[in-house]
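K.L.:
Going down the list, the protein sequences come from chains A and B. Just so you know, we're using this note's numbering here: the first sequence kicks off at 38 and counts up by one. Just so you know, we're using this note's numbering here: the second sequence kicks off at 38 and counts up by one.
Read the hints as simulated data drawn from the structure, not as lab findings. Note that beta-carbon positions come from the ideal geometry of N, C-alpha and C, so glycine has one too. Careful, some of the hints might be misleading.
The following residues of chain B were derived to be distant from chain A, with all beta-carbon distances above 12 Å [what the hints assert, rightly or not]:
#1 I145
#2 D166
#3 T382
#4 V385
#5 R387
#6 S405
#7 R458
#8 L459
Here are the simulated SDA-like pairs of lysine to any residue, each with C-alpha atoms no more than 20 Å apart in a straight line [unchecked claim]:
#9 B:K150 x A:E562
#10 B:K506 x B:F548
#11 A:K198 x B:L303
The lines below spell out each chain.
Number of protein chains: 2
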Amino acid sequence: MYFCQNFSVMYRTHNCGELRLDDAGEKVTLSGWIQRSRDLGGMTFVDLRDRYGITQLVFNMDQDAALCQEARNLGREDVVRVEGIVRERSNKNKNLVTGDIEIEVQKIELLSKSALPPFTIEEETDGGDELRMKYRYLDLRREPLKKNLILRHRMAQEIRKYLDKEGFLEIETPALIRSTPEGARDFVVPSRLHKAQFYALPQSPQIFKQLLMIGGYDKYFQLAKCFRDEDLRADRQPEFTQVDCEMSFVEKEDVMRVFEGLIKYLLETIQGIHYKDEFPRMTYGEAMEKYGTDKPDIRFGMEIHDLTGEARGRGFRVFDTAGFIGGICVPGGAGYSRKQLDQLTDFVRRPQIGAGGMVYVKFLGDGSVKSSVDKFFDASDLMMWGERAGTCKGDLLLILSGEKQGTLFALSELRLEMGNRLDMRKEGVFAPLWVVDFPLLEWNEEEKRYQAMHHPFTSPLPEDLPLLKDHPEKVRANAYDLVINGVEIGGGSVRIHDTELQGRMLSLLGFTPEQAASQFGFLLEALRFGAPPHGGIALGFDRLVALFGGGESIRDYIAFPKNNAGRDMMADAPNFISQKQLNELHLRFRE
Amino acid sequence: MYFCQNFSVMYRTHNCGELRLDDAGEKVTLSGWIQRSRDLGGMTFVDLRDRYGITQLVFNMDQDAALCQEARNLGREDVVRVEGIVRERSNKNKNLVTGDIEIEVQKIELLSKSALPPFTIEEETDGGDELRMKYRYLDLRREPLKKNLILRHRMAQEIRKYLDKEGFLEIETPALIRSTPEGARDFVVPSRLHKAQFYALPQSPQIFKQLLMIGGYDKYFQLAKCFRDEDLRADRQPEFTQVDCEMSFVEKEDVMRVFEGLIKYLLETIQGIHYKDEFPRMTYGEAMEKYGTDKPDIRFGMEIHDLTGEARGRGFRVFDTAGFIGGICVPGGAGYSRKQLDQLTDFVRRPQIGAGGMVYVKFLGDGSVKSSVDKFFDASDLMMWGERAGTCKGDLLLILSGEKQGTLFALSELRLEMGNRLDMRKEGVFAPLWVVDFPLLEWNEEEKRYQAMHHPFTSPLPEDLPLLKDHPEKVRANAYDLVINGVEIGGGSVRIHDTELQGRMLSLLGFTPEQAASQFGFLLEALRFGAPPHGGIALGFDRLVALFGGGESIRDYIAFPKNNAGRDMMADAPNFISQKQLNELHLRFRE
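One chain only, chain A, in its complex shape:
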């Protein structure tokens, strides 16, 4: 046995983001990547970059021509180690924290030569999406992605710190579990040891966290990797991370209090925002009626107003055949040009939004009104709509009509679009909202049965229990969604902790007792052995980080994301496996 020997190399004494004027005169060693290099007559300036920043290196032809020549031979993204003396810069760069100093280099060592990168590694890059996904490790060198991943790290640490302090235990639940057909589609894993059998990857740790509650672990959390094999839409990933939590001996209010506290803590520590008020709450019904969505962005008003009563039955066929007519008031929009209004009509007619057309009413400064349906309605009608929608002189009323649910959706999208155009969705403003009193069930027309709006373990509101038998569609769930700036950050519920009620729920959802037993038997069994009242929540971590980072796409907050077809473009996964692997799994493919 022996003890530590000396180091043979020392790659760096400092990183590229920490030297300041106070360090002038010190001898230092830095390592990093060549960001860029400039030759100015007898001098060569090189920006050396690492995770922490950029430091300027300087080489002087007069002092050491050979060394200066070495520096001139360096290319972008080469990795070097340099030794030198910290000097005050004559030409300071106020945009860099290290901009007061530079390193007068005495020795340079090439650690790793770089080929020419396929796109520029700068704040703004010239690389397209596909190319940047293929060379993700190069894209990750860019400042914007680096900032995102550091934010993600910071938020993960703070979330754990808060929950640990609140007495939560971080407990890992299994990744190889049993497939359950309820909900989205599972990814499955063929078992080699148990022929024709599969594990599934978890869509969430839902059942396991309920078992932990039954096991007596009254406060659980986990940053859990979850999986869903869905047809991919923009900005959805087959694997994603959830801040998954559960508590025992709680009601809805207890869970909401703890996680409202978590969001406030994150706003404080990450954003420096002191949000002291309680988060407002809105029922699902109110949200749908006023905002046309169950995840309203309440950074701005512009609520939807129901004009069905006022506008239907006056001979305008479009309105007369509509199940619902609704409008939003655009403040100061009376001056919108024909062209601007046409653009908005095109916007609502896009297939993703699906409105048939748009009616407008301008409330002009002189008290007159002007509308695309002047022919069908007189001024007093239009004024009455305006009154209903709370318009003032100078405002614009935009009206959509049709089948109720679709029209509310289109109005919601139009409202967000107008919010963007009028800059009412301010960056750096965070408007959290709890949405509550969701329906417990929704009718699945295709399968002619009810399905759970959240999941089959969600408890009904206690006061609605009597309705469960005869009016299940009227029963509200003891559930809550957390929405921030129009983004659904997470949701949760109080769970059913009673075997009998859980059985009734599964039967309502169309499970025969045999199906229920075969799929959820171990949970139903567990409920028999003293299950405490419990409830929880799951927050979408990728989305939460993207929201805090001000980004549009969660992909920019994941180190190695998949593309929209679920492919890892860099590693080229999924891919074919060997015949030997297939044989071991007893598998073949259907033609």
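Since the structure of chain A is provided, determine the placement of chain B on it from the hints.
P.N.:
Just chain B now, kept in the frame of chain A:
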């Protein structure tokens, strides 16, 4: 919109572990499980349990007969909520932190009735392994498992705290990756969208963490879930958790310093042990020679001594045909009985150990020697062996012989067994050790090729590079294993950061350039774009926690483990999936 309403129930004002004498007179609400109940004439005493402890409830027949009767109807594991007044106990229980008080109950509410549990939920249980796995949620209620999971939580938090403070970023790498046939067997996940293609679940984030280094994230860590589809041995799980780390611009010493620091930090914060010395180091060669294993338990000596030179060629056939003869000295063992020696012979002959037999020499107090090979060797021979092995009067020399590697292994097992018998492997003592200078390659006789002892990305020791061409078997790896108390806690290495050397390595391992490109192409490509020198380590988190907890099996430190056949006994996974699921994946089974 509205704001928070009042709570309708309050399940508890305190938990079952926090009330003390100072709280006497206070009105409290508790919730928990009935641990046990005793009727003593007019009084009923009930132990109420939750995650935090046990509090005694008391009911008095004279004061409230109906309430007392309710209490008597409660069964084990029923969940209740009680209101009452904290009183000083007349008969204090010093074994409970709440033992000075009891709750004089005024109101009791049954929250959840429990069926009779299939085994007793006590410190020691009567449930067999299978039964406890099936009802894992009940087993998790037992104090020993609860302590283990709380320890795991605590260690995870402290590990992150330490690494965060050291500037590491926690970055999640993907779980759905590309299958690579090198190493253990992958679990694979059939893709629905890409027919006949598969993702693999990661055996470790090795390649991704190297790509993060190339991406400039110079200190990375993750508590990563990893997967290996191996034939299961006792105490091996198909999914396990790794503390996975990587650093750039480092040498071996830098990595060892940081992670030696981590272990010291954990010993300090979790065990209250201040380990101030440097961790000792041992070469692989020395470890094999002196301890017969690359993970020696150095809590005690009893090293192996090579007696081949002294004992071979004297006409004792067993020794004369042996490639290696080695012995260990058992201090004070000269008094071992025939029966004890037979037991040890049986021990080394077990198929898992595989020795043919055992020779002993007793060094008696009167200076004489007594041996099972008295017939073949005279006293001076035996004395010479004793001298070689450092025996004293009263000691026992145990000798095994045979093919070298197998004999060293058997001696290592015998040494550990003697350490146990002599209580030299003290609980609560932690003896860390770095094992270094492993061979880079080992010869795979079956496939007639070299394979990497660690993995194909491990760098050779710089000073051994010249040997790579002509004597690859002599090249040592720039690698290090961390061993504590004979348990391999983790290992790591400095990686190859040079495309050319990585190519040579893969070719040495028998990869054609095409195979190398098809399997590791994206890593080889990435190395071309300025890879910094880097290295890292991975610690087995399950094992580390088990070591700190003093447990034998990692299963006791995992909330929901699989059994030895890779099954989740509770959820009964893996299991069959529906024909619809199979069809969507284009899969069928071979007969």
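K.L.:
Which hints, by number, does the structure contradict?
P.N.:
none
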